[in-house]
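**Q** Throw the hints in and build the complete structure from the sequences for me.
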Amino acid sequence: MSRGREDATKTPGAAASRSDWHASASERPAGPDASAAADGLRVRYTDLRRGRRVVLAGGELALPPGVVVALVGANGAGKSTLLMALARVLAPCGGTAEAWRDGGPVRQLGYVPQRPAFPSWLPLGQALALHGAPPAVVAVLGLASADGARLLARPASALSPGQTQALATAVALARDDPLVLLDEPFAGVDLARREALRALVAARRARQPDAVLILSSHVAADLDALCDWVVALREGRCVFQGPRDALPSAPGREDGGTLEARLAALTG
Amino acid sequence: MTTRRPAAALAPGSPASAPLARALLQRELRPSRLAAAAGVVAAAAGALGYLLAAGGVLGALSASIERGATPAALPSAALPAGAVMERVVAEQLLRLMALPAALGAAYAVMDRMAADHKQGWLPALVAGGRPALRAVYPPVVVGGVAARTVLLYVVATLAAALGLARGGLPVDAALPRLLPGVAAFVLAAATYGALWGVLLRRHAAVAAALAAAAAPITLVAWWQAARGAPPPHALLAIVSLHLPAIGWAADADVIGQHLRYAALWLALLAAGAPYLVARER
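Keeping their order, the protein sequence lines are chains A and B.
Residue numbers 1 to 268, in this note's numbering, belong to the letters of the first sequence in order.
Residue numbers 1 to 281, in this note's numbering, belong to the letters of the second sequence in order.
Source of the hints: derived by calculation from the structure; they are not laboratory data.
By construction, the Cβ of each residue, glycine as well, lies at the ideal position given by its N, Cα and C atoms.
Take these hints with a grain of salt, some might be off.
Stated by the list, open to error - Derived list of chain A stretches under chain B, where covered just means 3 residues or more per stretch with a C-beta under 8 Å from a C-beta of chain B:
1) 69-76
2) 216-229
3) 232-240
4) 253-266
Said to hold, decoys possible - So, partial list: chain A residues that the calculated Cβ filter (under 10 Å) puts toward chain B:
5) Leu109
6) Tyr111
7) Val112
8) Arg115
9) Ala117
10) Phe118
11) Pro119
12) Ala156
13) Ser160
14) Ala168
**A** See the structure below:
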């Protein structure tokens, strides 16, 4: 991680938008320059729109390998829109975003939307197989093995929203995608499952050290526990990207303030 | 808690096309629901056949035939009056059953696609899968709905035939001849439904343009299947603006045309699927 922070400080706190990167919504992001970080991940995005409104102005993120990125911003700042565009879930007419690595685009990624679900008519075991995840991921729900086996035979619709959220996040973390996008993965998840998910994130980092995880959340405790890189959005623009240590201090705080205070000051 | 087990023990994987296709077909062909639907459809169609054969409709049709108002699609060769009457009744019955079936299929396709997008599992799935996953989805949804509709339609036709027979009217000659054409029509309608279903998720203007192109074709298809007669020239003229090849033809050609147009729309859908499926505006 120290290496990531070292790379990042080369662009400390720089706003993501470059003057030469304000493409129209219909344009696809071009590939990165040859001079782009060879082993890092670049995310380039055009103006992202919902309807006619530009939610997030075009820009570029440079993410070192192996970081867990906190994507923060007030409601409506464009966090989900950016993740949707990266996951190619946003219609092309709404703008495009693409991640690049080693000179090539990252085509396959893990994505958990804000309100995830599994096919309701399938037994849970089949639904997990459909997503390419092993049955063992139900362990995240903290069930005894017999209960877990029974759950796998029941319809996916039997899960509560919180269980669905936790399981969908665990499914994304179980695969080996080079980029994982988690849109508010802890929303509605109870404390025990939240702890389990944190453990899964840590285990995944150990298993695939170069993979980049981007997670949006409003819960500072989760971000504090997991993230070492911050991308902050405010009023449709990226206002900060860099290591969390480089976050500006909260106003009036000589010690810099807590992570929550710093993020709140940054994102409004 | 077992959640702290090393994640390395979990086998990596990614969504694949074949399991998705299986899952989508499984949804459409669930035996319990299929059996329940078949029961309702068979009961309704059987009752309809019986009423047509034994009730006032038969009398009205017989009267129209006696006045020389035989539909133009029927062969001009002199047929025994009874045979002509049987065919007219059979076509009337199929018309009554075909239109709801086709509309139901088109609606089911749109409903499935809208629900799959809204529920969130499809976007997550296609994001993690290869591009082929986006291309596989629409044809399989259409195919699944069409398969289910055709199955139900066959059940309805058999039940109607039994009803007609119970009402005193043998229909063994007319039904087999009409069945393939209407099945093709159902498939075409389901295809158009899929096209609209996908496009309506995206851009209203594009959807309206495509609907304007597809609606006259659907109308012609409905006219052919339901009326058993050539559509009005005005309608054909509108359609020919989009697809000049379409026109009235003999039964075999009509079936072939329906299948060709269904294949054409499905091909377009498959080609555009990577840009359309699981997208939000």
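**Q** Which hints, by number, does the structure contradict?
**A** 1, 2, 3, 4, 13
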